[in-house]
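With chain A fixed as given, assemble chain B with the ligands onto it according to the hints.
Taken in sequence, the protein lines are chains A and B. Sequential numbering from 72 applies to the first sequence in the numbering used here. Sequential numbering from 5 applies to the second sequence in the numbering used here.
Treat the hints as calculated values from the structure; they're not laboratory data. For glycine and all other residues, C-beta sits at the position ideal for the given N, C-alpha and C. Any given hint could turn out to be false.
Here are the in silico distance ranges between beta carbons for each label pair [stated by the list, open to error]:
{"no.": "1", "chain 1": "B", "residue 1": "298", "chain 2": "A", "residue 2": "199", "range": "52 to 58 Å"}
{"no.": "2", "chain 1": "B", "residue 1": "298", "chain 2": "A", "residue 2": "85", "range": "35 to 41 Å"}
{"no.": "3", "chain 1": "B", "residue 1": "32", "chain 2": "A", "residue 2": "157", "range": "31 to 37 Å"}
{"no.": "4", "chain 1": "B", "residue 1": "285", "chain 2": "A", "residue 2": "85", "range": "25 to 31 Å"}
{"no.": "5", "chain 1": "B", "residue 1": "236", "chain 2": "A", "residue 2": "274", "range": "54 to 60 Å"}
{"no.": "6", "chain 1": "B", "residue 1": "27", "chain 2": "A", "residue 2": "127", "range": "31 to 37 Å"}
{"no.": "7", "chain 1": "A", "residue 1": "299", "chain 2": "B", "residue 2": "207", "range": "34 to 40 Å"}
{"no.": "8", "chain 1": "B", "residue 1": "307", "chain 2": "A", "residue 2": "85", "range": "48 to 54 Å"}
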Amino acid sequence: MNAYLIETADLRKSFGKVIAVDGISLKIPTGSIYGILGPNGAGKSTTIRMLCGLLTPSSGKASVDGLDVYTQSEKIKQRLGYMSQSFSLYEDLTVLENLRFYATIYGVRGKEREERIRQLIAMAGITGRERQLAGTLSGGWKQRLALGCALIHKPQILVLDEPTAGVDPVARRVFWELIYKLANQGITILITTHYMDEAQSCDRIAFVFTGKILAEGTPAELIASGEFKNLEDVFIHYVEETTGQKVKSSFEEIKFLHKQDGGGSQ
Amino acid sequence: MNFSRFGIIIWKEFKHIYRDPVSLRLVILMPLIFTLLFGYAITTDVEHIELAVYDGDKSYESRELIRKFAASNYFSFEQMVDDSDQLEALLDAGEIKAAIMIPDGYGKKLKRGEVPESLLIIDGTDPTIARTALQSGNLIANVYNMKTISGSAFQVSEMKTRVWYNPNLESTKFIIPGLIGLIMQNITVMLTAFALVREKEKGTIEQLIVTPLRPVELILGKLVPYILIGSIDFLIALFFGTWYFKVPIHGNIFLLLGLGFIFVISALAIGMLISAVTKNQLQSMQLAFITILPTVLLSGFMFPRDGMPLVIYWIGNLFPMTYFLEILRGIILKGVGMEYLWKDVLGIALIGVLLLSIAIKKFHKSLD
Ligand SMILES: Nc1ncnc2c1ncn2[C@@H]1O[C@H](COP(=O)(O)OP(=O)(O)OP(=O)(O)O)[C@@H](O)[C@H]1O
Ligand SMILES: [Mg+2]
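One chain only, chain A, in its complex shape (with noise of 0.2 Å):
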């Protein structure tokens, strides 16, 4: 087994004239939950999206476990696991017909596709709802449908891009357990957020801004990196820092998502 399940070294990534991954070197430790963290338009779904094969990269290296994103991402497919930033399942169908129709195409067939769907409805805690239409289900069950649908052929690697992202702090605390437990089974798993204490939670995080990767470890060890009390003065210090007073209102932005979470649900 390699002790890097994803490796990328000077990943770019251009549409025309707008730069978005601006050389990302990556080592993602096999069986640890890793965060990207950064604000709006920082390049982390972009850099996510190379790594599942659904945009090819500018220039650089990437491969997950071993294997290369430009010529071998079929491969790739069978062993990862993807929750896209937006529910991207199909409204108009029902819970349990979503989690069949993924089955099917990830080959798991008969009894083993119902016998897994049973298992997944049961961890994401979706019972009771397998018949209602996923366009129809709340934020937070969305989400969990989601990551069933990504689970449903066993990947060694689960990618999830914001996956709390719209979901009260409740749902969102049910969720991180559940990534808790995967992880606990050994899967490796690729997280972006926006939140200080998701970052917290993660085993390392990289801290992605304006395409580029300002800091890279686990919390602890970017806390005791300076005089920081905690992950946010870190990366204050680092975008300012990095691009001074210009940026900064950017970050702002990240501040307030953290205050309203503390604060409230929506």
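Quick look at chain B with the ligands alone, frame taken from chain A:
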């Protein structure tokens, strides 16, 4: 190709259609409404062209000529005028579409066995009406003159004509089969034009791309439910077109249904290709229009293809509808079978396979 993945795509697509009752109803109503609406609108048989007459002769013969015109279905006699200027005024005002001037001496000439002159004036602003008026006017006048003269020594050589397949030259007979083809093409192209694009717009494609699903499974799987719907639409259009407008099917109806099925697949392939290469519904709508519009003119639906410049003729060969029109007219009007139609069937099938292959190739499993 993995058949369980292919199968589950079909199943999913059926669910989408089934859960969207509005578009399901539309899909069934469209062929019905279009066939009736267009069937009425596009008949070019012109009847009761308003006619005024200036009779400068006032003989028995001239009155007889006017009576012949008035008795025909093509003209409706509106009024007699006292001088030719009045005819001009009526034509200018659009109150009449045709006028006859009979000069002094018309009757005398006719009695002497000469072919007398008379003038038929036609409002040519609408060429369709004008052509009908001209032909039928000539016919009426000639027949009358000949009949009257032939009693004398004057010998007229008469050419016998006979029109096959559609002896009364009724335009509905010609137009309805073509119309069925046109309607079928428009409906089917639209059915699939949004098939993939909808997933791109809703973002559901993102989750599909990260699975091992292959483009061929996705595209063919999405095609299957629409083949069924398209075939039902064809049955509806064919039934209403032929039954309601009383156009009998002379050939083998089962052959027609079978070939219609092949056409549906081929036309659906056009929509699928559109869907594969566009990013959103607006784009695919525009592309669908750009594709459908020329077929109306180039497929032989409106104008005979024989007279077209070679380049245009060849462009017409690219549309499945061009071949399908031959099939529809061949089977419905002429009653011919495969021995005459196999080339058209081959054309449709080849184009369908080609379009689908391009769609599968062009549909990249990526968001780039
Ligand atoms: N398909 C695309 N075409 C053009 N520009 C794009 C495209 N996708 C992303 N971008 C741009 O690339 C940059 C990075 O976008 P990305 O979605 O990766 O950010 P993000 O960190 O995920 O942000 P968010 O927190 O809002 O999800 C942004 O400036 C975005 O506008
Ligand atoms: Mg994002």
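Results of checking the hints against the structure:
1. Between residue 298/B and residue 199/A the CB atoms are about 55 Å apart, so this pair conforms to the stated range of 52 to 58 Å.
2. At about 38 Å, the beta-carbon gap between residue 298/B and residue 85/A stays in the expected band of 35 to 41 Å.
3. Under the hint 31 to 37 Å, the C-beta atoms of residue 32/B and residue 157/A, about 33 Å apart, fit the expected range.
4. About 27 Å separates the C-beta atoms of residue 285/B and residue 85/A, a value consistent with the hinted range of 25 to 31 Å.
5. Evaluation of the 54 to 60 Å hint for residue 236/B and residue 274/A yields a pass: the beta carbon distance comes to about 57 Å.
6. Taking the beta carbon of each, residue 27/B and residue 127/A are about 35 Å apart, inside 31 to 37 Å as hinted.
7. Look at residue 299/A against residue 207/B: about 38 Å separates their beta carbons, and that is inside 34 to 40 Å.
8. Taken as a hint, the range 48 to 54 Å holds for the pair residue 307/B and residue 85/A, whose Cβ atoms sit roughly 50 Å apart.
Hint check: no violations occur; every hint is consistent with the structure.
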